[in-house]
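Asker: Spelled out from the first residue to the last, the chains are:
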Amino acid sequence: MFWPIVACVLLPWLLVYLGLHVVQRGIIFIDIAMAQMASLGICLAVLLHLDLESWTTFGIALAFTLVGAAIFSVTGKRASQIPQEAVIGISYVVAAAAAVLLLSRAAEGDEEIKNMLIGNILLVTPREVWERFALFVAVGIFHFVFRKNFLLVSYDREGAYQKGLRVRWWDFVFYAVFGLVVTSFVRIAGVLLVFSYLIVPAVCGISLAQRIGNRLLIGWIIALVGGVAGLFLSYWWDLPSGAAIVCTFGALLLVVAALALIRGRLRTTN
Amino acid sequence: MNTNLISRTKTLLLHSIAALLLLLPLAAQAKLKVVATLPDFGSLAKEIGEDKIDIVVLAKATEDPHFVDARPSFVVSLRNADMLIDGGAELEIGWLPPLLQNARNPKIEIGKPGRVQAAQGIRLMNVPTNVTRAAGDVHALGNPHFAVDPIIAKAIAQHIAQSFAALDPPNAALYDGNYKKFEATINAKLQGWGAMMQSFQGQHVAAYHDSWPYFAHRFGINIDVFLEPKPGIPPSPSHLTDVIGQMKSHQIKAIIVEPYHDRRIAEKVARSTGAKVVDFSQFPGGIPVTDSYVKLIDTLVSRLADALK
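Chains A and B are the protein sequences, given in the same order. Using the numbering used here, the letters of the first sequence map in sequence onto residues 30 to 299. Using the numbering used here, the letters of the second sequence map in sequence onto residues 33 to 341.
Calculated directly from the structure, the hints in this document are not laboratory data. Beta carbons are placed, not taken as given, at the ideal position from N, Cα and C, and that holds for glycine. One thing to keep in mind: the hints can contain errors.
Listed below are the simulated SDA-like cross-link pairs for lysine to any residue, each with C-alpha atoms no more than 20 Å apart in a straight line [claimed, not checked]:
1. B/Lys212 - B/Gln194
2. B/Lys92 - A/Tyr264
3. B/Lys92 - A/Ala272
Cβ-to-Cβ under 10 Å is the rule here; a few derived chain A residues that face chain B [what the hints assert, rightly or not]:
4. Met30
5. Trp32
6. Asn149
7. Leu151
8. Leu152
9. Ser263
10. Trp265
11. Asp267
12. Pro269
13. Ser270
The shape of chain B in the complex, shown without the other chains:
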């Protein structure tokens, strides 16, 4: 009885040691810890990194990217991160710098291999010629809502794949392969999206906030009437009267709103112009059934095409 127990304990011990030895190489090959500020970058990173990375996305898809409520886990994630992917075009300027200051992680400082700034190498639109604050909440580097252009998204994905490969050489081939897959998907999809938008070329569309110049540019439409008088400034009655006039003269059929905008204002304008309110999101997950980047653009294109018919 007693010897039986001892031998059982022995085998148990031996088994656990064996199991530990087996686990060791896995532990040594720790996953890359990646933090993305916004869900679009997070979604691209998942596409490239699959299960080789641990990804934490700070902002929720339904949250205004200009204002994100910081929680303690944000600081912890940033402190432990091997890599940070941010926009790099001042979209997160209101909340990211103090978080970084608190996290004090030298690995993700600007210029280090652990810092991917998505805007790097991308020509931003609407760069203000002189930056005075009088123009409203204008971003000095240009419009920061660039990731909704699929061609720009390819560039960001490539940037991410190269950065992953640099930090994690053993998996470089996988990252590169995933990028090529993503690139091929986008290239194939672009034709279909282009075809859906073909008949609306040159049409004008209204939006609550100026988040869509890249999307408009890619698909040949003009999203150039905004319910906000200036970016970040809530609509005033006189401005809305102007907007309604412009919408009537351009025969605008759609008003784009995002989850964190005041939909009631858009609905009111829609009632007096006969336009439709179209729910858009810059971020995968911000509107239903858009859990990947490609599905998001699919949804945006088909929603807009429906509204413009």
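Extracted from the complex, chain A is given alone in its bound form:
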């Protein structure tokens, strides 16, 4: 259980931060769509009989992620009748269905592909954790350097346009980096866990605090507590680890919602 705990301590902080952006933008399912785009790239590599662990395969997956980023940044118009979530949903189903078609031609047994795409947090290796930690630190620094632009684009799009910021370009950069992070995390933790880490801590932070710093802090605490507690529960009761963490997050969210409700009541009575 040592390396799963290390993974749950060292990695989720970036997901929580990105989750704040994602929830603010109202594009909740972007992570699943991005992960699916990357999977489609890996399915193509399978069709071409490439070694799944090779850099070429990684390059193809990355290229598909960039295509996804391009789609989502182009469709995120200033004033659009079509909600971004619709485009995301469509991208997801088409990418998922295309993967099914590719695999039916590829005639590759699916056990290795499934393992490739969807990891199990219980089985992470030290190397996988450190590689992702290095990537996340790099992305974290990148986001920190350009934090003003990224935050403006997510939180105040009109303001960003008025300031003359190239909003669509920043969207593209955001999605591209986001896709990289999500895809690398899905491979060690699975889709359910990535989704929970992105959304639940961010929602907890938003319901308890106003300032982004406080939201981030609350989100980090929730992510840390939920991840480690979920792992321990899965150990004690011998449950699948990913699912145990996700359900722990669900329970934590209920507690936070109750707290927010009580606090709201207190405020109105005051």
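Position chain B against the provided structure of chain A, taking the given hints into account.
Answerer: Only chain B this time, still in chain A's reference frame:
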């Protein structure tokens, strides 16, 4: 009153010490901790080891052996194991290697006396001549579903008995005796099973997945039409049309499915061919009343004979 209490405490203490001393030799003779990846190996190990071993079986009998959901206890069991029995023919390749990597138990590394690879010394069928992934989910070492052949099962049981004896010499005679018992049972049963299958020699049978070449070979039937176009690839409409054609031309009467296969597809094919769907399992416990290896083969043979009548 007070002295009474003291003397009572004293006797209690003395009794507990005596009990502890009695228990010590038992504790020293700890049971062999054995982990089996799949229920068939687990069942053979129980047959040989009886109560001298503590056995943990990782996969459930109703679970697809290609995909097994890892739980934390798997890593713990592997870490504490004195022995691991696995197939050694890549059937568990999707899930066992990462578990072993996490368990880091030198006692059960390949080549150590604590590692029994069931396929060792067994001639595997359908070894691909050139391994390209284009042929589907083909196992490079050959078809890994070998334990359903009772004669191969005898060999695995012997391998297990010898390995138990090497790790636990005081009980060697018991392990050997249990192996001899198992061998005798199988030898006796083989005649009855052969007789039941006698009238179906050379008949063709369909199966969802290519798990049965060893079983077919042993009992003289041909299980050579598969609902999966390639191993691990879900059936496509055009392939099923081919299958239905082949089944009609070979007059196939039975379609073998396992618990984790999509039975509805088999039922659909059965409706258009008049064949029967027969529920099979490679593992003791995968279908009802098959809690031992012998009972499993009993059930498989009689079910198939019923369907082919």
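Asker: Next step is simple, just say for each hint if it's right about the structure.
Answerer: Hints, one by one, checked against the model:
A C-alpha spacing of about 12 Å is found between B/Lys212 and B/Gln194, which places the hinted pair at or below 20 Å, so the restraint holds. Our distance criterion of 20 Å between C-alpha atoms is met by B/Lys92 and A/Tyr264, whose separation comes to about 19 Å. Between the alpha carbons of B/Lys92 and A/Ala272 the distance comes to roughly 19 Å, so the proposed pair stays at or under 20 Å and holds. Because the smallest distance between the Cβ of A/Met30 and any Cβ of chain B comes to about 6 Å, under 10 Å, the interface hint for this residue holds.
Evaluation of the A/Trp32 hint against chain B yields a held restraint, the C-beta minimum of about 7 Å falling below 10 Å. Contact between A/Asn149 and chain B, as hinted, is supported at the beta carbon level, the nearest pair being about 6 Å apart and thus within 10 Å. Restraint check, A/Leu151 versus chain B: the minimum CB separation of about 5 Å is within 10 Å; hint holds. Given hint, A/Leu152 at the interface with chain B, holds; its Cβ is 4 Å from that chain's nearest Cβ, closer than 10 Å.
Interface restraint check: A/Ser263 against chain B, minimum CB-CB distance 6 Å, threshold 10 Å, status holds. A hinted interface residue such as A/Trp265 counts as satisfied when its beta carbon comes closer than 10 Å to some beta carbon of chain B; here the least separation is about 9 Å, so the hint holds. At a threshold of 10 Å, the smallest CB-CB gap from A/Asp267 to chain B is about 4 Å, leaving the interface hint in force. Because the smallest distance between the Cβ of A/Pro269 and any Cβ of chain B comes to about 6 Å, under 10 Å, the interface hint for this residue holds.
The restraint placing A/Ser270 at the interface with chain B holds, with a minimum CB-CB distance near 6 Å, inside the 10 Å limit.
In this structure, every one of the numbered hints holds.
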